[in-house]
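A.B. asks: One-letter residues, chain by chain:
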Amino acid sequence: MTARKKRRIKLPKVKPSKNRNEVPGQVTYTGKKEAAVTKLEIIDYSKDHYKRLDSENIEDAFAFESSEHVTWINVNGLNNTKEIERLGDYYNLHPLIQEDIVTTNQRPKMDEYEDYLFIVFKMLHYTDDGDFINEHVSMVVGHNYVTTFQEADGDVFDGLRDRIENSKGRVRQKGADYLMFAILDAIVDNYFSVIETLSAKIEFIEDQLFQDKVEEDITHDIQTLKKEILRIRRAVVPLREIINRIEKIDTALIENRTKNYIRDLYDNIIQVSESVDIYREMIWGLMDMYMTTISNKMNEVMKVLTIMASIFIPLTFMAGIYGMNFEHMPELHLRYGYYYLWAAMILVFFGLLWYFKRKKWL
Amino acid sequence: MTARKKRRIKLPKVKPSKNRNEVPGQVTYTGKKEAAVTKLEIIDYSKDHYKRLDSENIEDAFAFESSEHVTWINVNGLNNTKEIERLGDYYNLHPLIQEDIVTTNQRPKMDEYEDYLFIVFKMLHYTDDGDFINEHVSMVVGHNYVTTFQEADGDVFDGLRDRIENSKGRVRQKGADYLMFAILDAIVDNYFSVIETLSAKIEFIEDQLFQDKVEEDITHDIQTLKKEILRIRRAVVPLREIINRIEKIDTALIENRTKNYIRDLYDNIIQVSESVDIYREMIWGLMDMYMTTISNKMNEVMKVLTIMASIFIPLTFMAGIYGMNFEHMPELHLRYGYYYLWAAMILVFFGLLWYFKRKKWL
Amino acid sequence: MTARKKRRIKLPKVKPSKNRNEVPGQVTYTGKKEAAVTKLEIIDYSKDHYKRLDSENIEDAFAFESSEHVTWINVNGLNNTKEIERLGDYYNLHPLIQEDIVTTNQRPKMDEYEDYLFIVFKMLHYTDDGDFINEHVSMVVGHNYVTTFQEADGDVFDGLRDRIENSKGRVRQKGADYLMFAILDAIVDNYFSVIETLSAKIEFIEDQLFQDKVEEDITHDIQTLKKEILRIRRAVVPLREIINRIEKIDTALIENRTKNYIRDLYDNIIQVSESVDIYREMIWGLMDMYMTTISNKMNEVMKVLTIMASIFIPLTFMAGIYGMNFEHMPELHLRYGYYYLWAAMILVFFGLLWYFKRKKWL
Amino acid sequence: MTARKKRRIKLPKVKPSKNRNEVPGQVTYTGKKEAAVTKLEIIDYSKDHYKRLDSENIEDAFAFESSEHVTWINVNGLNNTKEIERLGDYYNLHPLIQEDIVTTNQRPKMDEYEDYLFIVFKMLHYTDDGDFINEHVSMVVGHNYVTTFQEADGDVFDGLRDRIENSKGRVRQKGADYLMFAILDAIVDNYFSVIETLSAKIEFIEDQLFQDKVEEDITHDIQTLKKEILRIRRAVVPLREIINRIEKIDTALIENRTKNYIRDLYDNIIQVSESVDIYREMIWGLMDMYMTTISNKMNEVMKVLTIMASIFIPLTFMAGIYGMNFEHMPELHLRYGYYYLWAAMILVFFGLLWYFKRKKWL
Amino acid sequence: MTARKKRRIKLPKVKPSKNRNEVPGQVTYTGKKEAAVTKLEIIDYSKDHYKRLDSENIEDAFAFESSEHVTWINVNGLNNTKEIERLGDYYNLHPLIQEDIVTTNQRPKMDEYEDYLFIVFKMLHYTDDGDFINEHVSMVVGHNYVTTFQEADGDVFDGLRDRIENSKGRVRQKGADYLMFAILDAIVDNYFSVIETLSAKIEFIEDQLFQDKVEEDITHDIQTLKKEILRIRRAVVPLREIINRIEKIDTALIENRTKNYIRDLYDNIIQVSESVDIYREMIWGLMDMYMTTISNKMNEVMKVLTIMASIFIPLTFMAGIYGMNFEHMPELHLRYGYYYLWAAMILVFFGLLWYFKRKKWL
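Protein chains in written order, with UniProt numbering: chain A, 1 to 362; chain B, 1 to 362; chain C, 1 to 362; chain D, 1 to 362; chain E, 1 to 362.
Heads up, some of the hints might be wrong.
You can't tell identical chains apart in this list, so a pair holds if it fits in one copy or across any two.
Pairs of lysine-lysine residues, derived as DSSO-like cross-links and limited to a Cα-Cα distance of at most 30 angstroms, are as follows [unchecked claim]:
no., residue 1, residue 2
1, Lys174, Lys259
2, Lys168, Lys32
3, Lys259, Lys82
4, Lys359, Lys297
5, Lys297, Lys227
6, Lys168, Lys248
7, Lys174, Lys47
8, Lys168, Lys82
9, Lys259, Lys248
10, Lys47, Lys82
11, Lys226, Lys297
12, Lys360, Lys297
13, Lys82, Lys174
14, Lys47, Lys259
15, Lys360, Lys226
16, Lys168, Lys259
17, Lys297, Lys357
18, Lys51, Lys39
FYI, nobody ran anything at the bench for these hints, they're computed from the structure.
Start from the sequences and build out the full structure, keeping to the hints where you can.
C.D. replies: Written as structure tokens, this is what we have:
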């Protein structure tokens with residue numbers, strides 16, 4: 001029993017991460033990306049109007065409030081929680097929402113309030129180093145504004161910005177609800193491309209396995225893939241529910257003609273989530289494939305050993321016989337005894353070779 | 001830690017596929033089959049009337065619009081998106097539908113509009129090379145017309161065309177809703193035959209495994225089967241939902257007497273989807289069977305090695321004894337010492353043979 | 001890549017089975033059992049009346065139509081589709097029903113029509129050769145008649161026939177709905193006995209595995225069991241749904257007092273389907289057990305090899321030493337050198353034996 | 001093909017068990033426990049009254065019918081079906097209920113009738129030999145009586161009998177519905193203790209595996225555990241549904257104040273069924289653990305072989321060199337050649353030892 | 001058969017644990033933590049008022065009953081069931097609730113009564129020794145009081161106590177329903193940190209496996225992790241249902257403005273339960289990883305053996321040839337025969353080395 005106790009894994013003490021055990025509703029940033037300043041990017045547009053303002057001063061956002069146009073306020077950098085709180089208080093956001101905006105491990109969700117929708121989702125991407133990044137994004141959708149909060153610079157909305165600026169597509173002719181749709185659409189497209197990368201990784205490992213090129217333990221890579229697909233799933237599945245709910249909610253914030261687009265978006269995210277399930281199964285299958293590869297290799301090793309040993313052990317025995325020092329061993333005195341033995345050994349050698357050939361080990 | 005980093009798979013950069021990151025509602029062809037021209041095949045029929053027109057000119061379709069007959073317009077080739085857009089605009093199709101028609105990786109779905117139903121599904125087949133092909137088909141069902149859009153020439157509707165032309169079966173006596181049913185019925189029959197091919201592959205591999213004919217790693221084949229069954233499932237499951245919904249929707253487009261046929265079709269697609277689940281389990285089972293086969297083979301290899309080594313190593317030892325050069329070894333001087341030893345060795349040889357026989361290793 | 005292409009399984013061309021790609025509603029027999037003639041067995045009974053007529057003439061059935069008694073018309077042999085069509089037209093059966101009667105791979109289902117219920121189910125049995133047979137049975141239940149259609153002679157209804165003839169049980173006092181119940185009850189009892197046979201097979205294999213009597217690859221047997229349980233499941237699960245629906249439908253065809261029996265039948269089929277799930281798990285477990293058996297055997301083989309090699313290789317080395325021809329090897333000249341060496345070798349021999357004994361390998 | 005046919009398992013003919021293929025509603029005992037006589041145990045009580053009567057005469061039960069007290073009639077022994085039928089007819093029980101009472105493999109279920117509830121459940125226990133016993137119990141709950149039917153003597157209700165007799169707890173102050181609750185409560189407690197035994201078995205096997213004490217194939221034990229947990233599950237899951245339904249049904253038979261107790265009971269059986277699921281997973285995990293143990297052992301065996309062979313094969317080769325009989329081998333004539341060789345061999349010996357040490361194989 | 005009987009595991013007799021087979025509603029403590037005395041900790045607060053009283057006298061709690069403030073009575077120690085009963089009777093708690101308070105293996109649940117809610121949940125933590133502890137906590141929530149019952153001293157509510165005392169956060173401005181929320185919130189945060197510890201353990205084992213540092217059988221550790229995750233799941237899943245129900249129930253006990261907080265809490269516990277599912281999958285994956293590691297090691301062992309044997313067995317054979325004593329062996333008399341042989345042997349040696357190198361075994 002003591003022996004077993006000793007075996008128990010000695011863990012280094014785990015100290016609780018900073019985002020827990022705090023006061024509910026308190027606005028504490030829990031992410032890792034510490035932006036020097038909180039940057040604001042304000043895009044104000046209507047059919048005939050376009051204005052863009054980049055600022056680091058939170059007050060600049062307030063000027064656009066009464067605008068007749070659609071205003072998209074994008075906030076990059078969540079670690080200056082004071083600023084977030086000021087913005088939140090100005091827009092009259094519930095304290096729990098302010099908390100959710102900066103709680104980066106918050107699960108995707110949607111809360112409906114009288115004057116706005118609050119949506120949390122995740123933006124995924126692979127860095128150039130192949131690391132998988134999961135960025136927390138929140139969005140407040142009001143009557144004529146959309147506010148998005150991101151952890152840091154860099155996102156998947158450049159195509160959308162371009163369409164707004166250059167009046168491409170329908171976005172300039174439509175309201176804040178269409179902008180919300182366009183943002184979510186960019187996110188879902190982002191998921192498609194992340195899954196494509198993952199799929200390429202899976203195929204790469206499969207090819208390695210099929211071509212017997214795997215020299216080292218790839219369990220680690222498979223385990224990493226497992227974790228990535230689980231994290232993607234964790235981002236996709238709740239967003240699917242959210243989009244489904246957006247399609248169905250009865251709110252003045254979303255016009256009926258936008259519902260068609262939402263429905264289409266819902267079809268897309270279902271497709272994403274089906275892909276996630278399929279790739280998940282594929283990844284789990286990789287482990288089995290790897291096990292088979294290992295077993296096949298061991299089989300090959302064993303065959304080499306068996307062939308070498310089975311051929312040379314009997315031959316060595318034959319040589320051993322005539323190495324004995326008995327006084328009376330008539331074969332030793334035969335004129336061609338040595339050659340006869342060689343003949344016998346060659347016979348045995350080829351006989352065994354033929355045997356292994358027939359067994360298809362060679 | 002650095003050692004582990006190095007092991008991480010270096011992927012070639014994956015560039016996003018062309019069908020994403022675009023403007024929602026924009027009509028961009030995403031498939032691979034680039035048809036030189038968009039071909040139209042127009043079949044106009046009623047109980048007493050049959051006319052067929054093949055054309056490459058989209059305007060030819062418009063002439064049939066006000067026809068009292070049922071008109072089936074089949075469009076082959078989706079890469080000339082301009083033509084698709086013209087046809088779509090003429091029929092007043094929603095921009096998102098036009099997008100779905102050319103988005104070849106769109107999941108099967110049905111959208112109900114006031115004047116028509118829009119249905120997306122997949123046509124599956126194996127090429128002669130054994131490749132699995134998944135063709136995107138869209139269908140618009142109106143009051144007296146059905147329009148189908150396919151990626152390229154070649155489909156599973158020849159039997160149906162023949163029945164219309166030769167007035168076989170009921171199709172000529174019925175309306176556009178029955179034509180829709182007949183098209184979906186041909187698709188479901190197509191699924192049955194694809195599954196039959198898959199089932200034949202599975203049985204083939206099983207037979208190979210049972211007869212120990214598998215010489216090389218068949219993991220790749222099993223993995224390919226897994227992917228195929230998953231792709232079939234992806235085509236079948238949403239279509240099942242669609243057919244279920246068609247059976248239940250309340251629309252003037254579908255007559256009540258056609259509902260019986262739809263219900264029958266629903267029974268069939270349920271049967272398809274059950275088969276898919278069963279074959280899926282079978283395919284997953286193949287991997288286990290293969291592992292067992294490998295282990296059995298290794299067992300056989302090990303037995304040969306063990307038998308050879310266990311018999312000849314002791315004999316070699318015995319020969320080694322009398323190869324020693326001690327001055328005082330009385331056995332060496334016995335008159336029949338050599339023969340006695342042979343007798344002993346033969347005894348050991350057969351004793352071990354008997355032992356392995358009893359263990360059923362021989 | 002070309003190497004991998006070559007490995008792809010070359011399948012013999014699969015030609016589509018005859019029952020697909022046909023006109024919907026067309027009556028084409030798809031089974032294998034080609035009965036020479038279509039046999040009719042007509043049982044007409046009431047509390048005080050019993051008449052049985054065996055015939056090969058389909059018209060004989062029509063004479064019973066207006067009978068006040070309950071009439072059970074059992075049709076054996078479905079390949080003379082003309083006869084089936086005549087009977088079907090006489091009873092005014094929908095073309096799709098006529099198709100389902102002869103489509104032997106039709107999934108179990110129930111269709112409610114105004115004047116009758118149409119039920120499709122499967123009769124299962126093992127032949128004496130151990131083959132698993134799945135016979136397609138259809139049943140039309142009208143106000144005072146039940147018509148059953150079977151592929152061939154031989155069924156599980158003999159007990160029921162006997163009870164009708166000899167007025168045992170309640171069947172003679174009740175109507176066509178009770179007859180329907182009695183037929184389904186016989187089918188469910190049939191499922192119980194098929195599962196019993198399957199369970200006996202599973203236990204047999206388990207016993208073989210436990211007693212280490214398995215000499216050859218039993219993967220094939222396990223795979224066969226898997227297929228059988230999946231086919232049983234495919235018959236049972238839809239019938240469970242059908243019986244559940246029969247219990248709940250509101251139709252004049254089924255009297256209320258019969259509902260109690262249907263409910264009891266439903267309990268039974270639930271029990272069947274639970275058993276199916278349990279045996280399924282058991283069968284999947286057999287594969288694991290077999291793998292363990294293989295591994296245990298390999299362990300045993302390895303132990304024999306290791307013991308033999310580990311004992312005799314060092315001894316051979318010792319003998320090899322004194323087989324050397326160095327001029328100056330003092331041991332060779334010792335008076336009892338040879339005996340000393342034997343002593344040492346015996347010591348090594350028993351030492352190693354003791355070591356393996358302690359390791360519990362012997 | 002013929003070779004494969006031969007391999008098919010030849011089963012001894014399975015003859016159908018006696019409880020099937022009979023007339024529905026016919027009362028035939030299907031269990032194994034053949035009690036010599038059917039014993040009645042009648043407990044009649046109210047707040048101030050207690051009477052107990054043990055009898056073998058079924059008529060004795062009828063005397064208590066009109067009693068104002070609560071009457072618990074416990075019947076032990078079901079093989080005298082005549083007696084059961086008489087009792088059943090007296091209480092006006094539906095023929096199907098009478099059948100269910102003696103059909104020992106009937107699944108747990110509840111039927112609601114106007115005047116009584118009929119509940120079937122299972123009593124589980126391990127015999128002293130470790131065999132798992134599954135006893136069929138039926139219960140009829142009327143306005144002021146509860147009748148229970150058991151296969152044989154011996155049950156889990158002694159605590160309850162004692163409480164009634166000695167007026168402990170609430171049971172004497174309450175009606176037949178509370179008695180029903182108390183009986184079910186005893187059954188659920190019985191499930192808890194069966195699961196505890198099972199859990200002890202699992203832990204025992206785990207400990208054996210961890211301490212490497214497993215000398216023989218424990219697959220059989222694990223398979224037995226699997227079967228036991230599946231049988232427990234089969235008893236627990238339907239009873240859970242039954243208790244849930246009892247909580248919800250609207251019947252005069254069950255007073256509202258008893259519902260609180262039923263709800264509590266429902267919490268308990270949910271806990272039982274969760275435990276069942278957890279232990280099931282644990283048992284399935286045992287097989288994996290066992291496989292790992294086997295593989296670890298084989299690893300150890302292989303290491304011993306590899307070490308012995310790798311050390312002594314090179315040494316034997318070295319000795320073999322100097323056992324050759326070439327005329328010109330200068331080393332043989334060196335004064336200390338023999339000792340030099342020993343030095344070299346010792347060097348090789350320790351070098352390889354060090355190598356295996358470094359590899360952590362020693 | 002007898003041989004198999006013998007193999008059956010002989011279990012030590014399991015005696016039923018003390019908490020079962022008792023009278024329903026009887027208050028018997030079933031836990032292990034026997035506190036010397038039952039300690040009361042009473043915190044009475046409102047916006048402007050704060051009073052804390054620690055006592056071991058149960059009557060002290062009654063003084064606060066009519067208080068206008070919110071009163072939190074925390075009871076540590078459940079083994080003095082008399083005290084619990086007195087408190088329960090005073091508050092008019094149903095006997096079944098009193099039983100649940102001291103039944104430490106009671107599953108988490110919520111019962112709604114007219115004047116209070118009764119909630120059972122689990123507090124989890126790892127001891128410093130790494131043991132996993134599961135503490136039973138009950139909570140009664142009334143109009144202006146919350147009573148909590150814990151098995152022993154030490155809990156996760158210190159942060160909350162601090163906030164109440166120092167008037168941090170909102171708790172002092174709100175009622176008993178907010179206190180209930182704050183307690184549940186602390187519990188859910190507790191689950192987050194337990195899962196974090198578990199996740200650290202999983203990563204630790206993974207790292208050990210990847211770095212091939214695993215020297216001994218870690219099955220035990222994995223099995224322990226499995227049990228822990230299952231126990232966490234058992235605490236989390238029912239609490240999730242409870243919180244969902246709290247969000248939805250219509251009771252005067254919970255104010256509408258508190259519902260927002262409950263909804264947020266519900267999001268958090270969903271996140272916990274998703275993590276549980278993910279880590280569960282991870283833990284199950286560890287076993288596969290371990291199996292792969294073992295197989296890889298065996299491969300390495302086999303390679304060493306194969307290389308050593310394959311190289312030296314042929315060489316030994318060559319030496320054996322020239323150790324024979326034939327009279328006529330011309331090579332023996334060659335001037336450089338010995339050197340030629342060495343050359344041949346070196347050739348063979350490097351040839352085989354090259355072969356194994358090419359096979360990438362070296």
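A.B. asks: The structure should be examined with respect to each hint, and the outcome stated for every one.
C.D. replies: Each hint tested on the structure:
Proximity of lysine 174 and lysine 259 under a CA criterion of 30 angstroms is satisfied intra-copy only: 13 angstroms inside one chain copy versus 35 angstroms between copies. Taking the shortest Cα distances, lysine 168 and lysine 32 sit within 30 angstroms of each other only across copies (26 angstroms), while inside one copy they are farther apart (36 angstroms). In this assembly of identical chains, lysine 259 and lysine 82 lie within 30 angstroms of each other by CA distance solely across copies; the values are 26 angstroms between and 36 angstroms within a copy. In this homomeric assembly, lysine 359 and lysine 297 come within 30 angstroms of each other (Cα to Cα) both inside a single copy, at 18 angstroms, and across copies, at 11 angstroms.
When the C-alpha separation of lysine 297 and lysine 227 is checked against a cutoff of 30 angstroms, the pair qualifies both within a copy, at 28 angstroms, and between copies, at 25 angstroms. For the homomeric pair lysine 168 and lysine 248, the shortest alpha-carbon distance inside one copy (28 angstroms) is at most 30 angstroms, but the shortest distance between copies (40 angstroms) is not. For the identical chains of this complex, lysine 174 and lysine 47 are intra-copy neighbours only, at 8 angstroms inside a copy versus 48 angstroms across copies, given an alpha-carbon limit of 30 angstroms. Taking the closest pair of Cα atoms, lysine 168 and lysine 82 come within 30 angstroms of each other only across two copies (18 angstroms); inside a single copy the shortest separation is 37 angstroms, beyond that limit.
For a Cα distance limit of 30 angstroms, the shortest separation of lysine 259 from lysine 248 qualifies both inside one copy, at 9 angstroms, and across copies, at 22 angstroms. In the homo-oligomer, the alpha carbons of lysine 47 and lysine 82 lie at most 30 angstroms apart only across protomers (26 angstroms), although the nearest pairing inside one protomer, at 35 angstroms, exceeds that limit. With identical chains, the CA atoms of lysine 226 and lysine 297 are at most 30 angstroms apart both within one copy (25 angstroms) and between copies (23 angstroms). In this homomeric assembly, lysine 360 and lysine 297 come within 30 angstroms of each other (Cα to Cα) both inside a single copy, at 16 angstroms, and across copies, at 11 angstroms.
Within a single copy, lysine 82 and lysine 174 get their C-alpha atoms only as close as 33 angstroms, which misses the 30 angstroms cut-off; across copies the closest is 25 angstroms, which meets it. Taking the closest pair of Cα atoms, lysine 47 and lysine 259 come within 30 angstroms of each other only inside a single copy of the chain (20 angstroms); across copies the shortest separation is 41 angstroms, beyond that limit. For the identical chains of this complex, lysine 360 and lysine 226 are inter-copy neighbours only, at 29 angstroms across copies versus 38 angstroms inside a copy, given an alpha-carbon limit of 30 angstroms. In the homo-oligomer, the alpha carbons of lysine 168 and lysine 259 lie at most 30 angstroms apart inside one protomer (21 angstroms), although the nearest pairing across protomers, at 44 angstroms, exceeds that limit.
For the identical chains of this complex, lysine 297 and lysine 357 are neighbours both inside a copy (19 angstroms) and across copies (15 angstroms), given an alpha-carbon limit of 30 angstroms. Taking the closest pair of Cα atoms, lysine 51 and lysine 39 come within 30 angstroms of each other only inside a single copy of the chain (17 angstroms); across copies the shortest separation is 46 angstroms, beyond that limit.
Taken one by one, the earlier hints all hold for this structure without exception.
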